[in-house]
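Visitor: Two chains, each in its own frame: build the complex with the hints.
Just so you know, the protein sequences line up as chains A and B, in that order. This note's numbering numbers the first residue of the first sequence as 1 and each following residue consecutively. This note's numbering numbers the first residue of the second sequence as 1 and each following residue consecutively.
Warning: the hint list may mix true and false statements.
[As the list claims (entries may be wrong)] Partial pick of chain A residues on the chain B-facing surface, computed with a CB cut under 10 Å:
| id | residue |
| --- | --- |
| 1 | Glu98 |
| 2 | Gln122 |
| 3 | Val185 |
Simulated from the structure, these hints should not be mistaken for laboratory data. The model shown is predicted, which means the values in this text are computed figures rather than measured ones. Note that the Cβ used here is the ideal one computed from N, Cα and C, for glycine as well.
So the chains spell out like this:
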Amino acid sequence: MWDSSRPGLRPSSNNCANSKESKVGKQFTGIDIGSRTIKLVVVDEKGEIVLSLQTDTSFDPIFEAKKLLNGVHCDGIIATGYGRNLFEIAFDAPTVTEIKAHAIGARALFPDARTVLDIGGQDSKAIALFEDGRVRKFEMNDRCAAGTGKFLEIMARTLGFTIEDFGREALLAETDLNISSMCTVFAESEVTSLIAKGENRREIARGLHASVIRRAAGMIQRVANGGDIVFTGGVAKNTCMQKMLSEKLGRNVLVAADPQQVGALGAALLVAKKMNIIR
Amino acid sequence: MTADYRLMWTNLGLDLNAHDALLAVLGKAYQEIYLSQKNRPDAMGYFDFVMSEVHGLRIKELLDEKAAGRKIIGSYCVFVPEEIVLAANATLVGLCSGADFATENVEKLLPRNTCALIKSSFGFKVGKVCPYLESADMIVGENTCDGKKKAYETLGHLVKNLYVMDLPQVKSEQGKALLRAEYGRFKAAVEKLTSATVTPESLKKAILTVNAKRAAIHRLSSLRKADPTPISGLDALLANQVFFYDNPARFTESVNKLCDELEKRVKDKTGVFPEKTPRILVSGCPQAVPNWKLPLIVETSGAVIVGEESCVGERGTRNLTDESGETIEEMMEDIVDRYFQVDCAIFTPNPDRLNHIEEMVKAFKADGVIHYGLQFCQPYLMESIPVEKALEEKGIPCLRIETDYSMEDVGQLKTRVEAFIEQLR
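Next comes chain B alone, as it looks inside the complex (with noise of 0.2 Å):
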């Protein structure tokens, strides 16, 4: 820690004091679950990097963004259109709600029994530990599900840039106007706040930045279909996680630099558990940083993980912008159309989602689902027992757990978990 980034976190308004025991159980955590992991690619090491520099280098980098001209928005939401954000010279960052943090505080703001990652967003907020809020021009709240965007209401009174946006709720040509016309208004407002206008040429470049990123973390899921699998999800998660925070042009890059050595390890039968260890597809909530609670006790108990259907993964990232769009508001449609495509539980029916996670389980070639709800999650909780049900009538297995951030139930999770496996052998 330099002194240089103490000066930073005091002149953002960070509590310093709070921030230091933050990142301390942070880089102990990170030790604990990803150092210590066996056979890791080399490559990882990028991201190691990243990581003991999440609230350093990156927010040093940002800052410099912004002493040049360029606004920083930050967003809780996949549907949050990252293309525009570029097109209009900002950058997009993912904000903090992976951990616990200043919960006495949080719930004489929200109700107890509001989800963990709800909660933890606040956290961030009221602990004032969290740079990339603190640097954030634009702060995007999303109306998804009742938690969010009733807590948006209250967040809007503890920051000042709060912009809310609208999102349908079914899939229907009037849910599609909306999310239409909901990212006119977005672009429009990105606008106001960079006093940059999206040209077409600035559309088209950052259409193919964004998808140059999803095609790059769709390299390396077809790289977890092989047995043994390259790279544990704990690592693959990590590489999904950074996704939110990293520059665009250097994470694809450095994906990719990651997946030339699993390339080699795949052509090597090389993995990082032996051939044959029961693989498992996670599907549900976000699991943001730093939430390896799950793929922690899954791969320590003798099963990797090889996918995760979430936010956090193949949700957010499966599908591509199309890039044959020459004018704006051809674009726009075609930014319009991919995001429709996302599966989120907010949508009534859902039943996209069911289907992925079937061919996800096939191409995967899983031996089971984890379906991972938040608890109070009602949307994704409603959605796990349908899951199940279809899952358990084509023969799969499922293991339905409800949890928080805490590690209270850890041992209990546990015992769950290894008994899923032992099913599953």
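Isolated chain A (complex conformation) (with noise of 0.2 Å):
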């Protein structure tokens, strides 16, 4: 049930279609509504993650963040990501920024951790945190869509590979061509005149990688210079990312079991902190 007492935990018959009181105590939602993909994470008392649900964004969130919500059982929820204010407004219910989000979320899976990168469909983000968990300072990316999901997205289709192929194809390749634009505009028509050239394209798959990760490395040392880097969101799927950029900065890359509900995860850790159930 709802716990109007708590704040910034705001009731509403709206937020939890066919809530019923659970027999497994109370549990707690988070929903991280992407660019790309809603993500959703249920926790219970402990923290523990007991739901885990994805679906694509669409042409209308509200109604697939309704679906997803659909017979789910919660004491509480939170919304991030660029759609939390849509959310906001049509459920009535509290935010957070994906950033404190994914902070969050990471810290829990990996207790250590003092960086986290993020890349989602549309930004990507380099997060240092202090020693307690908290933000000390972030950086994203400008408007575009230059080192972002999207990006490899549109990339991958030009060069005729699946998204879930891209990062093992781009693998295989022995040496990587140089892509010098970042902007999704101007790569895609440069990977067109590579391919027009009979370049390998597993070969400009590399290249396109290795430039997602020069900008991304760069965000990371803007903010945070040493340890552990917590790789989080859909692009943290990507075997070569993962691979290049542990190679490029000489550090350790964790990733989850699913990188991309480690904001979600964070959401749903934040309803259970608010309401004092875990620290």
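Guide: Structure follows, in structure tokens:
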């Protein structure tokens, strides 16, 4: 049930459809409305994940969010992601930025983490944490899609790879072709001209990965200089990105079993923290 | 909008359709951004009125002044000394540069990667929508950054009455000598324009008038040190913006009236936001009317802006001109001294600005600094990195943002600002 007495958690009959009293204790939900996918994570009173769902954002994120929430039992919800304000209006629910959500989520999975890199569909962020896990400093990409999941997705398509295979195929290349444009539009023309020259598409793919890594590494170095990096967001699933990031910075790269859910996990844990269930 | 104004605008050569469109957008933005704020001081009603008549009644007043023999001088920079203008029987107004207008036409004249402020000043000219510019008998350009000084070469072909003032870039004796010579040359040019002679009496009176205006703003700033803060950053910025347009004496009186009300609020602990709301200092590029993008994002994300280290703000108003001079030479030297202290990022090196930011953080009890940089504004963007580094070394959180006048990055800016505020809590 909703507990309206807790700060930052407003009750709403719309929030969790079919919400019923659970026998297993209280449950807390985080929903991360990203540009490409909506992620939902439910945690229990110990902060353990009891449910983890994902769907495409589509053109109607609120409709998709409602579908995702259907039947989910929860005692509190916080929204994050670029669609958090839409959710806030539609569901009268509190929000948290992706930056703080990823910081909390990453820290729950890797308790010593001091640096987080989140690359999602349209944003990339490097986050440095204090020893106690609070955000110390962050960097975020500018307004365009350069260096984000969207960039990789468009480039994979141009080269005829699926997004799932893109990283694996790139890793099979023996060398990477230099791609100088970071702009999605210019890079696509650059790729097209490399294809026309008959260059190996795996090498082009590897070059594209390297260009994203250069940018991400720059952001990380501006916020924090050493230690392991927790890599989150959809792009963290890409094995070539993981490997190249580690090589480029000479630092360990830690990736969760499902790195795309880390923001939603952080939001869910924040609900429990705000209700003083966990620390 | 009365018929009188339409005739007035037509006579000034404005493009009425484009101007109507501008006023419609401006009116709507003002409604949504300003009038929807909660707990506003009643005395802001004066500034609401000024804004509603910013292209109407105020222009009529300027045209009436012209009919009575005064001259109007338009400026784009806080280095243009208002004291000299007033003493020579002219009125100084800030020219429009806070919104994108006629961008496609502007980009035929200027490179695309020119800062929004410069592009805007051209947009208002080529779009024929700035009645201040069209009323001005002299337009003063000043050699500050490279963007502006080269842009004035082109602006000189668009307006008949451009006067370019050179400015020093180093705070040395030679630099000061240049400023002294340029202010002397400017005084002569204004005297020629108005056929009036600057006298010790008129210059003294002008110094007192402009100082009074600055002192009123100092009073306003100092009230913002209270927690809860009695006025929003948006409203305080507006007062600082109107500083450039309004009749000086009336402006002073209105700001003081506002301060009377704010003093009561401080005594009663009444604020626009609750006590302990995170407090932000904005530092960097000027925010000209109607550029309210950043304060709107900040103040709808759970923080309050308590000060602007900016030309539209403390950098422009903090120093007074010494009032003890008796002769023209003494007073001109006092004016040179006063303006030479402005810590604009065109100066190299520019340590005063960093010191001033740190002083302001302390004085206004700011929890963090947002460095506001306009895209392609090299001087401020260059300084933003050492500023951030120095603040972080002192444990003062700093967020550097780089933006323009468009709305396309509002979502990302909001995320960054919100995350920064989460950091401060």
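Visitor: Okay, which hints does this one fail, numbers in order?
Guide: The structure conflicts with hint 3 only, although it agrees with all the remaining ones.
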